[in-house]
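> Protein chains in written order, with this note's numbering: chain A, 21 to 317; chain B, 574 to 900; chain C, 62 to 407.
Hint data in this document are derived by calculation from the structure and do not stem from the laboratory. One should not assume that every hint holds.
Said to hold, decoys possible - Calculated lysine to any residue pairs in the SDA-like style (CA-CA distance at most 25 Å, straight line):
no., chain 1, residue 1, chain 2, residue 2
1, C, Lys252, C, Gln324
2, C, Lys117, A, Asn285
3, C, Lys204, B, Asn732
4, C, Lys117, A, Trp260
5, B, Lys608, A, Arg135
6, C, Lys254, B, Val645
7, A, Lys171, B, Gly629
What follows is the residue order along each chain.
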Amino acid sequence: MTSPSPTLSPNGAARIDLTKKLRWRSIFSNSLDATVGILTCAAIVPLLSVIYMVLSHGAVHFRLSMLWQLPPAAGMEGGGFGNALLGTLILVGIGALVSVPLGVLTAIFLTEYSRGSKSARVIRFSAKILSGLPSILAGVFIFGVLVVTTKHFSVMAGGLALSILMLPIVILSTEEALLRVPHFLREASLALGANQTQTVLNVTLPTAAPAILTGVMLAIARAAGETAPIIFTALTTPYWIQSLNEPTASMSVLIYNFATVPYKNLIDMAWSASFILILIVLVTNVISHFVVNRSKS
Amino acid sequence: MDPTAADVPESHTKTSWVANDRSKHSRRFDLFFAKATFLAGWGTVVLLAWIAFQIGYAAWPAFQKFQFGFIVGQNWDPNSDIYGALPLIYGTAVSSALALLIATPLGVAIAIFLTEDYLPPAVQDFFKFTVELLAAIPSVIYGLWGIFVIIPITTPIGNWLNDHMGWCPLFSTPSYGPGFFPASFVLAIMVLPTIAALSRTALRTTPIATKEGALALGATRWEVIWQISLPMASTGIVGAAVLALGRAMGETMALAMLVGNNNQISASLFAPANTIASLLANSFGEASGLQVAALMYLSFILMALTLAINAIAEVVLERTGANRQRG
Amino acid sequence: MNLTRFVSFGGIAISCLTILAMVSVQNVKADQVTLNASGATFPGPLYQRWFAEYNKLHSDVRVNYQAVGSGAGIKSFTDGLTDFGASDAAMSDTEMAAVKTGGVLLLPMTAGSIVISYNLPGVTAAIQLPRDVYPAIFTGEIKRWNDPKIAAANPGVNLPDLAITVASRADGSGTTYNFSGHLSAISADFKAKIGQGKQVKFPGVAGKGNDGVAALITQTPGTIGYVEYGYAQATKLPMAVLQNQAGKFVAPTPESGSAALGQVPLPENLRAFITDPTGEPSYPIVTYTWWLVHTDYSAKPGVADAIKGLATWALTEGQKLSPDLGYLPLPDNVAVKVQAALTQIK
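Construct all of the structure, not just a fragment, from the sequences and the given hints.
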């Protein structure tokens, strides 16, 4: 039997002077509170600065008629970016239509059907490498594969180039979201007699839905702001879209074209277009979260 | 009295999908769905292989001419058809690393700030949407913001540091405006939304029961965060960092406007430099002949670099056991 | 949220997009011609203005033009992806031979001058740069603003003891091609050290596009760089006065630019490179920019007539719009010669 000791309690456990340690732990905790508050403020400042720049340049010159008018040429007054807005919606829509199902299915394969296996590592690795692909290469790839062979610049080519950029984001963030669904939910579903597909579709996916949506929205936001892939695939046009096999205007290309020339009317329009672009993404983000969260409760 | 059919709530009598699972229909769908996911998964690999093949095929003439000397060559001169990639590889690696170094702590800090109860939920949602919104700003706008807002701030700082601490290799050149530091800073802001949003998702899904258990045992808020929430969210945070790194290495427009476009290797934070993606953006439109092949060779190296960095990250994660969840 | 609701939400969104797309598709008129074109960035804004004005007069001709760079423009034109292209550098013989179907014709449509701009705090008068001085600045040989050679050409101007930082184009560009071509023509030293090309190794820093170079110039005192005249004029950048071949110091103006253009006779194939114009009133750095068109459009009905009509209008009425936007109108004899060449398009 051990003799009584000031540092050990009768059953051998270490005796801690709780009062002294508690003070240090509190100081540690409070200082970290302050640190994270300061870091967040430090990060928010540049973010707000960018938003402020877009608002102060863009909102000031914005007219509602810009939403449905065609772009002006240098030195012409008025006009708008209606065709570019529609073009971006359709291009990103096609990109999402291709990348979201493919990406979600891939992520499901990684977490539900092949978790931990060699194939999962290969596939996940490929997704990570794809995420590092410069956006211009996605455009060059589709240019070589689709545009040159069909001798068309087209909306479809543009949408496909965007989907290449969106795919890795969807795969990797959906995989994370699915991994965080607790095991017991899946097991309960299987115990009730559902097969794996039914479990995934009716239990796992809905539970992970808000997190998947975050990933999808990040992918959509990225695609809406990309310029280089669209220039090489969908070209541009100053007119309304004619068909999916023809070039189309897009917000990002319009902003790129107008922001780099010295004509004031075009520069102002580029800022207004940036303002509307981020407004649209914000609205889409808010609406989708609203829909997903509403149906969960 | 025994319960009759009328007593049982309607929801319990509606034939749910559970009871019908033995039907041939759902079994066939089960098989079909499993096959679909298999195809999608491997389709991703096929896509990557196809892209790599196209790039490699276009790069072949340059590879034939320069072999592996391309990687260590320091001279990029389209006019004399001499190409060397080392300054570009260096620039890409350093700018991405710096950007991630700045963005990761900031992003995780924002994520923690938004998941702990510092703020009412409505305000939290507002910040969340604001941060995610920033992912939508076109790179051209970030480039312009860098030129008009950031460079006027970093140039005097760089010159001051060069004047007073020029002996340090990091500050060994004066600041002409564009360079590593402004470019990496803007790049960090560009990838910040990715890290913040995905880290926040990861932190939110920490089981509350575990956290409350720790609190009940007397842990302070930060001990819970450091020892419970962050470790459990680590795979998510690392995943976010990987996506951010990918974006940083592949960013074209904004860097083309901010990095200085000078193919040199310099240890100084404020020296102008160049990255693979921005050189690509600048040169591709006007390139022809061997220059195109050299640019494609450069792209191939970028993909190999991404592969190498991800491989190293995998190994590090294996060692620290953070990949437990993946089996 | 169950699967059916998710799918139906997605389905509604997609249907909305499709309906929106279909509603916006206009009824394509039977005789409407849409031309796709791409190429040089420098003349892009002028071309867009031309196409917009022409469409107001002839609503059946629509042109989609995107500035992707002269090189990419030549490539797309050669591969048959665009109906015509635009380039700041005329196609070489090899490039012309590579056009497999339809033949190729080069049409100079407009021109511009390249100016040397700088940032010298405290100096309001335009700096004069002699012929042997400005190439040496761009090779990096003359390193400071108060160098005796610069001071000698600018008596009475208080030049600060400031280092010269050269700002050049980072992106491959026809502007660089023409500027370096001029410097190579007047300075053997420049030709040996740097040479002519779309992307050459100038010392100093580089920016993307005219706007990138302009930003570099305005940000740092002591910077000197080259930009297109239209850009410098619209953004009120200081422009250096250069010494031409005749020994006179000439400021960049529309008149001095046109004078330079008029000095060079246009050869039969319409490919004229003006690396060092003669004549006392000529501004030394001017360039043409070309349209690349096929001579045979029989595979696409209506295109040949559309291009001929468009080009004729551009060579006559369109030239009147050039000065406002910072471009040089073609000399009359040149415009007439180009119009005559249009008959080759079938």
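> Now, for every hint given, state plainly whether the structure supports it.
Evaluated hints:
Taking the CA atoms of C:Lys252 and C:Gln324, the gap is near 24 Å; set against the 25 Å cutoff, the hint holds. This hinted pair checks out: C:Lys117 and A:Asn285 have alpha carbons roughly 20 Å apart, not beyond 25 Å. Proposed proximity of C:Lys204 and B:Asn732 is supported: the alpha carbons are some 19 Å apart, at most 25 Å. For the suggested pair C:Lys117 and A:Trp260, the alpha carbons sit about 15 Å apart, so the restraint of at most 25 Å is met.
Distance restraint check for B:Lys608 and A:Arg135: the Cα-Cα separation of roughly 15 Å lies within the 25 Å cut-off, and the hinted pair is therefore satisfied. The hinted pair formed by C:Lys254 and B:Val645 meets the criterion: a straight-line CA distance of about 23 Å does not exceed 25 Å. In summary, the hint linking A:Lys171 to B:Gly629 is supported, as the alpha carbons are separated by about 23 Å, within the 25 Å threshold.
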